[in-house]
Structure formats: C-alpha cells, structure tokens
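Chemist: With the numbering used here, the residue at position 383 of the sequence shown is 894, and numbering never jumps.
Because the hints were derived from the structure by calculation, they are not lab data. Hints should not be assumed to be uniformly reliable.
Stated by the list, open to error - In silico BS3-like pairs for lysine-lysine, Cα to Cα no more than 27 Å straight-line:
hint : residue 1 : residue 2
1    : 632       : 826
2    : 561       : 912
3    : 722       : 680
4    : 726       : 593
5    : 826       : 774
6    : 577       : 593
7    : 593       : 632
8    : 680       : 728
9    : 831       : 847
10   : 774       : 597
11   : 537       : 561
12   : 847       : 597
13   : 597       : 632
14   : 792       : 774
15   : 597       : 792
16   : 847       : 577
17   : 722       : 577
18   : 577       : 597
19   : 593       : 831
20   : 680       : 774
21   : 788       : 774
22   : 912       : 537
23   : 826       : 577
24   : 577       : 788
25   : 577       : 680
26   : 726       : 577
27   : 788       : 593
28   : 912       : 593
29   : 788       : 728
30   : 561       : 774
31   : 593       : 561
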Amino acid sequence: MGELFDRRNGPQFHADLIRKYDRIAKVYGFLGDEQLYVSDPLALQSIIVKDQDAYEETRVFIDNNKIIFGEGLVATIGEHHKRQRKLVTPAFSVQRLRRLVPTFYDVANRLRTALLDTVEKSPKSSSSNTTVADMAEWMSRAAIESIGCAGLGYSLDPLDSPATNPYTKTVRELIPALFSIALLRLLTPFVLKLGPPAFRRFILDWMVPVKAVQKVKHMADVMDRTCREVLERKRVGRDVGVDDADTDEEKLGGEVRVDGDGKDIMSILLDSNDVAKDSEKLSDAELLGQMNVLIFGAQDTTSSALSRILQILSKPENAKLQNALREEIELALEEKNDDELGYEDVMDRLPLLDAVMKETLRLHPPVPFVRRVTTRDTTLPLTRPIRLTDGTYTSVLSVPKGTTIWISIAGANICEDVWGPGAERWDYTRWLDVNSADRERKREREREGHSEITALRQRQEGDLEGPKIVITDEQGRTVIKEREKEIAGGVDGDGGERLGAERGEVGKRSKSSNLAGNQVARGRARLPGIFAGMLTFFGGGRSCVGYRFAILEMKIIMSTLLTSFTFSESPENEVVWRLSQILSPSYIPRQSSTPKGLENRGEGEGEEAERLGLPIRVSAVRCDRSKQETLIRGTSQTLRLQ
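Modelling step: build the complete structure from the supplied sequences, incorporating the hints.
Modeler: And the structure:
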C-alpha cells in the first residue's frame, strides 16, 4: 500500500498496476487487509451512482478534512452532505457563471500583464523577448486569485508583485504538507476519540513533535482565521451596503475589495442561506467549511491542469497546434469584435481549445484516485468476466463490509472499453471529427491553402460536451450529429472479440467468440463522470460541484495567454510529475545554471537536484489584430502589444 502513496514512484506504480491487472486488482493495506483497486466501468457505475450509499468516504478522509477545512462538503457524508450540496450547487449554475466572466478576464489580463513585464525585464540572450518562467507558480497564483475574486469577492494575490499573503502561501503548500504525513493521518480517527478538543489540541502541541504535523496544524489555524475574517467582513459589507463596503477600508480591515456587486460564489451562498428553511440553513461552521473547500478545491487541481496543458503545448511537436489554437482564439475575438469573449463563446465556440483541454484532463487527471469503504456487504458487477486465482471466472465480486476501494480515475480515463484503441495516447483529435473520409477532406482543404483551424471552424456546430460523429450525404456534404447518448464520453473503437478484462497471475488475456457484437467489445462502455464522459471531476452525489467554474476559468486563462505568448520547452530542465494526492510538476536541472526565480524551491535533504516548479520558455508574440491597445480591467495602465 505504501507504493500507492509514494510521492516519487507512486505515479509509475499506479500506471503499472493498471497495465498489469487491467480493470481490477487486489492490493493489501498496512495491516494486511484486502483492498480493491478498480477502474472497471460497470463496477464504477455501481460504486459512484447505482449503489453509492454502500460506498462511503473513508473515516480517515472525513476526519482529516473536518480538522483542516471544517464542516464543508469534503468533510460530511450522508444526509448532512446532501443538505449542504443542495444549498451550494445553485451557486455554480450557468446563469451565475455568466456573471463571473468579466472577473475571470480581469485576473487573466493581470496575469498577462505580469508575464509581459517578466519577459521584458529578463536578460536578453537573443533578439527575441524570451524568458524562462516557472509557469506552475504563475498558474497557482492565478488560480488562487481567480477563486479569491470570483469565489470570495476578495483579492488574495494582485499578481503584480511577489505573493506575500500568508493565506495564499498556506493554500499553495497545504497538499504537499498533508501528503508528507499521509501515514500519520491514518491515526486521526483514533486521536479524535481521545477526550475533548482541548485535550486533543494538547496532544498535537506537546506529544507530537513531528515538524510536518506542527506545520499542518499551523496551516489549519491560518486558514480558519482568514476565513473567519473574510466572512465577518462580507457580513459587514452586506450590512453597510456595497458602496460603503468598497470605500470603508478601516471597517473592512483594509483588504482589497473586488467590485463584484455580489456576484461571487460566497455572496450568492450567503443570500441563499438567508432565505433557506431553518432546517436547511448552514451554520457559521458550515459556511466557513465551504469557504475553505472552495478555495482549496479550486486552487491545486486547477493549477495542476493548467500546468499540464502548458507543458504539453510547449513540446516541439505541438508548435503547430499552439499556433492553430492562437488562430482560433483570434478569429473568435474578431467575430465578437471585442477583447473578451462571452460565456457561450468560451465554453462552446472554441472547439480546438476545448479538445486540447478535454484530452489533457482525460489523460492527466490532477487527482488520479480516490478511496471509498463499503458500509455493508455488497456485490460489485464487472464489465466482463475476470479470472480468479483458482482459474475460474466471475462477472460479480462479493465485497465484505469495511473493504477499502481504490477508485482509479486515471485508469478509468484510459480504459479501452470506453475510449477505444490508443486510449493511453494523448490525441486531442478524438474530441473532433474522426472518420477517415472527413480527415481526407481536411487534408485536401489544407493542400488548397485553407488553414487547419479554418477547416475546423467550418465543421464545428453546437455543443462540444462529448465527441461527435460525421455523416456524409449522397452529395458528399458533411453533416455533424451528436453521438448517441449511450456512448457519450468515448470514441468509436473496435474491440473485436476480445475478452480483455481477465488477468490472472500470469497476466494473459483470453479471447471468447461469444462476446462478438457485444456493446462493450465495440468500445462503448460508459463512465459515470459528470463531465465529458470522463471521471476527472468524478460523478454521482460527490461529483465536483464547481466543475463548470473550473473549465470556464481555465479556458479564459489559456485563451488570454495564448494570444500574447508562445510557450516552448526549457531544454536545460527535465520535468517530472510527482504525487501528493494531486499531481504536481517538479524539474531536474540538466546543467548547473538555474533560471532566475527558480533558485530556492528545492525539496529538502537528499533531493537537492530536484526542485518544485515548471520552467517553460515564454516569448511575447506580435499581435496582428487591428486593436493594438487593450485596456486591462483593474489596472491603470494600457497594455501595448507590439
């Protein structure tokens, strides 16, 4: 079990486990208890949706979250969780998110200004304006500021100077700190039974001298104190009115107030809580918990996903793709005749950016696994039979009460039963039109001088929430139709007559002709994911309530950056991804010189060669659009793109 949590080798161990044992495997806990590692689509449908009441969050997960975040969504179960979710979910509706588009653009434009300033001030080694920047740090700061402004209505990081806010620092460092004490956290349920809170606090202060534990305790204190202050200030602002709240710095503690007219998520939640039935109202403790969860949940995962997208686009083989993305965004802005796109434009009318983001989120989910524990004796159905150690086959597993289940999000997202052959390969075209005839027509248009992105836009129609199929009529005209709902989330793949799931100790696949014509054998299994047929944002009653918030934020940030910069690999550094519950990038310098700004992010003893961060070469691009000046909201300067 230790390998599953291992920071350095954990990602590879998870990948090897998926490849060796396919859709389901038996692993052992620290005390030798049998646990299941699952990525089978039908089994996941049972765990996440059909029989979700039989699979609950682990006690360790709930108790630790309650201590660190308070009584938010990630620290409650059962009816308590459902009551909270019922009140929180409407705050993330499409109608609410439309109002947040200007806020996201404000943050994205300030990020662009800061990066341009960094590029301009960097030492010039050539005629081009280029610098090596830690894009993981920039994405983290932008994600924190986005959730601060759009989530709380307060600026947590102005992005125009080094981040100094202690709360910001705490949020960014929390996940690695928690992962460093992963084994000790297993004892939390036992500690919580040791008398009253004051006594438990005494134990933490004096009887647990582990430096990492004390660091996490301090972080929890900072988060709790900050959220209490923000909640109180928001209430004062609501009492004195928005205008007074914006100008009375003494009353609001001198914080920078975002003029959002109550559009932020917490303002909406407070409004909803005021008019809710007494039985459904959230207590102050629960409101504080939602604030902590909101910021924590929206920061690390979003910054991890953005960092991964940038790393992929910076590869030499994706230079043309990066240019195509830039052209797509510029064309959309020209059609809009504005410097900003609307909600529908961002979410539905950038098919190439949509495809790149979806494919990256599918193949590289920031959270590769979650765990559940069975609350009763139950059974687990399987997509196809598996071979047991005694040589027999079964399509249903008996699972005793108290069994820990590892839900492999990463494994499910590369399951060939869902995604077809080549599921382990990053291929953004799986989200576009994929039949060979249409690809040939695209190549012909390109040979005739049409750009790839123009051809893409000519074919694009409607919603891109799932993959599309292409139907050609008798005259050769292409008609785009939505894929059948029962295969949403997958691309057509011919699995043939492969049984495919059965894996014994020897790791061999068997074949069975009786599965010919089976829906699953054609690559049409489904995952119970809330977004695009993948499990990245999970599904069922514990799916991510803010997934649209995250997608909107990421698309606006990426579209803003790609119109101003080109990104390429830093050949001086090797990038590796490490596991700390959430995957995050580190790098190993290939030579002694270290880019400015990346010098002091080493990981500690024995790891001097490896540093946290994602060094990428960033170059300012010339803007060919007629508008050469863009007024950045929230700043007093005009950004000149030359």
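Chemist: So if I understand the rule, the pair passes when the alpha-carbon distance is 27 Å or less; does residue 726 with residue 577 pass?
Modeler: Holds, at about 17 Å.
Chemist: Take the C-alpha atoms of residue 680 and residue 774, compute the straight-line distance between them, and say whether it is at most 27 Å.
Modeler: Holds, because 26 Å separates the two Cα atoms, which is no more than 27 Å.
Chemist: Next pair to validate is residue 561 with residue 912; report whether the Cα-Cα distance is within 27 Å.
Modeler: holds, 17 Å
Chemist: Has the given pair, residue 912 with residue 593, been kept, meaning a C-alpha gap of at most 27 Å?
Modeler: holds, 23 Å
Chemist: Do the alpha carbons of residue 788 and residue 728 lie within 27 Å of each other, as the hint requires?
Modeler: Violated, because 35 Å separates the two Cα atoms, which is more than 27 Å.
Chemist: Check whether the Cα positions of residue 597 and residue 792 lie no farther apart than 27 Å.
Modeler: Answer holds: residue 597 to residue 792 is near 10 Å, not above 27 Å.
Chemist: Measure nothing beyond the straight line between the CA atoms of residue 826 and residue 774; if it is 27 Å or shorter, mark the hint as holding.
Modeler: Roughly 38 Å between the alpha carbons, so the hint for residue 826 and residue 774 is violated.
Chemist: Could you grab the alpha-carbon distance between residue 726 and residue 593 and see if it respects the 27 Å cut-off?
Modeler: Judged against 27 Å, a Cα distance of about 32 Å means the pair is violated.
Chemist: Going straight from one Cα to the other, do residue 722 and residue 577 come out at no more than 27 Å?
Modeler: holds, 21 Å
Chemist: Within a Cα-Cα threshold of 27 Å, do residue 788 and residue 774 meet the stated pairing?
Modeler: Holds: residue 788 and residue 774 sit about 22 Å apart, inside 27 Å.
Chemist: Could you grab the alpha-carbon distance between residue 847 and residue 577 and see if it respects the 27 Å cut-off?
Modeler: Not OK: residue 847 and residue 577 at ~46 Å, beyond 27 Å, violated.
Chemist: Take a quick look at whether residue 722 and residue 680 sit within 27 Å of each other, Cα to Cα.
Modeler: holds, 18 Å
Violated hints, listed in ascending order, are 4, 5, 7, 12, 13, 16, 19, 23, 29 and 30; each of the other numbered hints is respected by the structure.
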